[in-house]
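There are 2 protein chains.
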Amino acid sequence: MKLSELGEFALITLVRNITNKSKDLQQASWQQLLVGIGDDAAAWQGDNYIQLATTDSLVQGIHFDLNNTTWEELGWKALAVNLSDIAAMGGTPKYALISLALPGELETENISQFCHSIASLAAEFGVAIAGGNITTSPNIVITVTVLGNSKTKSVLRRSTATPGEQVAVTGPLGLSAAGLKMFKENISLDTQTTSILRRAHLQPVPRIREGQILAQHGVKTAIDISDGLIADLGHICEASKVGAKIEMEQVPTHPLVKANFPNYHELALYGGEDYELLFTADKSIIDQAKQALDCPIAIIGDIVEETLPDRVTLLDTKGNIIPTKKGGWEHFRSEIPKAKFA
Amino acid sequence: MKLSELGEFALITLVRNITNKSKDLQQASWQQLLVGIGDDAAAWQGDNYIQLATTDSLVQGIHFDLNNTTWEELGWKALAVNLSDIAAMGGTPKYALISLALPGELETENISQFCHSIASLAAEFGVAIAGGNITTSPNIVITVTVLGNSKTKSVLRRSTATPGEQVAVTGPLGLSAAGLKMFKENISLDTQTTSILRRAHLQPVPRIREGQILAQHGVKTAIDISDGLIADLGHICEASKVGAKIEMEQVPTHPLVKANFPNYHELALYGGEDYELLFTADKSIIDQAKQALDCPIAIIGDIVEETLPDRVTLLDTKGNIIPTKKGGWEHFRSEIPKAKFA
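Those sequence lines, one after another, are chains A and B.
Add 665 to the 1-based position in the first sequence for the numbering used here, that's all there is to it.
Add 665 to the 1-based position in the second sequence for the numbering used here, that's all there is to it.
Just to be clear, a hint being listed does not mean it is correct.
Because identical chains share one entry, a pair is satisfied inside a single copy or across any pair of copies.
[Stated by the list, open to error] Here are the simulated DSS-like cross-link-like pairs (lysine-lysine), alpha carbons at most 30 Å apart as the crow flies:
(1) Lys849 with Lys983
(2) Lys906 with Lys686
(3) Lys818 with Lys849
(4) Lys667 with Lys849
(5) Lys849 with Lys686
(6) Lys686 with Lys990
(7) Lys688 with Lys816
(8) Lys948 with Lys990
(9) Lys948 with Lys923
(10) Lys983 with Lys910
(11) Lys906 with Lys991
(12) Lys816 with Lys991
These are calculated hints, taken from the structure and not from any lab test.
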């Protein structure tokens, strides 16, 4: 069977199953591993802290197009998507390793711009760029690894959602997908809107502080929205063996998306790459966390007992079910490999 | 200027200079960073141990050719080259993250073989595969990150060689380059020799235990031989601001390389990818370490005061200088991008 038939998520399961066969609880590394393959970041018990590690790649032609992405934006995004994974664990990023696979015909000046930008985002979050690797490659592949830690005794996971909890999100959705749509379809918008959409898609701001505050207030379950709200909530439901009911009208959608894109619901539900945090907790915990946070928290639904085959149920204001699309980004399977939405 | 004109090492310097501008000693991450960009692995002060992190990529068409590499061998090598970097710091590998950028037309079975092999090498060294990333890509790029630690208070570095020290290596050289030459030139050798050369090139064994023993016995300076003996010794000399004199006849060359390849000196000196440890220390330290090691230690020369422009001087048995080639692997610049030797 080809990977394109198997799909990304089945492939992750296959990698996990095979590598877990080498699990050996006689070994300190396995004993101390708290979160292995299948969450936003790996976590293991360090001496005083929980250690976190995550890695993410940007591939030319799949994740970015140099015709509508500057090297500064690429540097920012390559680090930001990894910082977002640390945010989704409630952690603090500390060190980054940068692996660059680059064609020899690239201009040195572009790599300088890339480095200045990645260094400036790193500085903003107190991250030291500690190492990496450079190699020739026919196609650009940028892989960043971020190491961090967690001060709280527990990290935010995907597998801890419980029926009765509310589902919430840290900010409005759809802006990044709208930016991508604008690029792909050459949609002409006013300068300010263009700039906001571009920034949302190419220079997302990781919710580091927000993730830490959620963890401090007792939230146990979170994921960052990279594949799309419905898909990422599906990841939580699958890992937690629960279901979720979402009220579509409660899903916060950015006003600029509503104003300029008739399919704004689709962009908010399936778009992805917003890098907002999607989390679940009891109402009282969310209420307390809300007061400590600067960002707008929207309650969008509830965790329920497991529902199969569709783990996530989308409802209109009258409680009628709206069929969900097999949405969200899945590598190898997506029909439009450069789009993050169906 | 294009990267192909700048070359890999100047590019690493550029990345280091730019990212070091964001250095902020108010930040704990920078305060605790012991070894940044430019060594085999990054190192920082953890609570009880020194933490190590390294990353290395294998790019299809640059580092491997699927016509003469199985997926098992690829899995092994992808992890082994990273473990070797931890060995070169004298550390213990603990966790690995695996990033796979893969074309959708690949067979799932091949990725299974890859995972079984990487898991088996990981198990051999007590490494837990803790996470990673999977993405679509037009060309295969495998990036592995290994995290480890060091029990000794000091880690092996490139920048600590001192005039008066001896230069030594943990085993015979040239076997991996001979294996690559055999593949590239379709050289026909007997079955056993073919198998040994193939294994040396595609399934190198990282010198983890040896690196730890060297560090325990007071060795301060080491590198693993990936670019080639002369090139890697040049990296030590450059980082340490010293020179080195090597006696060519003292360089240990594998008997199978001597027997089958008339240019065996070239393969041993410039071939690379042997993943033996090249280290420097006072004679008394090397003598003590030798007794604790199972592998054959060869003394091949001495560290001297800095000599420029050629940091490494190669001598014949009469003390005459043999001109060194601008040898060793350098990404972007190498004329034969798939070969590790000139």
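Tested hints:
1. Lys849 with Lys983: neither (35 Å within a copy, 69 Å between copies)
2. Lys906 with Lys686: within (23 Å within a copy, 47 Å between copies)
3. Lys818 with Lys849: neither (44 Å within a copy, 54 Å between copies)
4. Lys667 with Lys849: both (28 Å within a copy, 29 Å between copies)
5. Lys849 with Lys686: neither (43 Å within a copy, 36 Å between copies)
6. Lys686 with Lys990: The answer is neither: 35 Å in one copy and 47 Å across copies each exceed 30 Å.
7. Lys688 with Lys816: both (27 Å within a copy, 23 Å between copies)
8. Lys948 with Lys990: within (28 Å within a copy, 70 Å between copies)
9. Lys948 with Lys923: within (28 Å within a copy, 74 Å between copies)
10. Lys983 with Lys910: For Lys983 and Lys910, only the intra-copy Cα distance (13 Å) is at most 30 Å; the inter-copy one is 83 Å.
11. Lys906 with Lys991: Within. Shortest intra-copy distance 19 Å satisfies the 30 Å Cα cut-off; inter-copy 59 Å does not.
12. Lys816 with Lys991: neither (37 Å within a copy, 49 Å between copies)
Comparing the model with each earlier hint shows violations of hints 1, 3, 5, 6 and 12; every other hint is respected.
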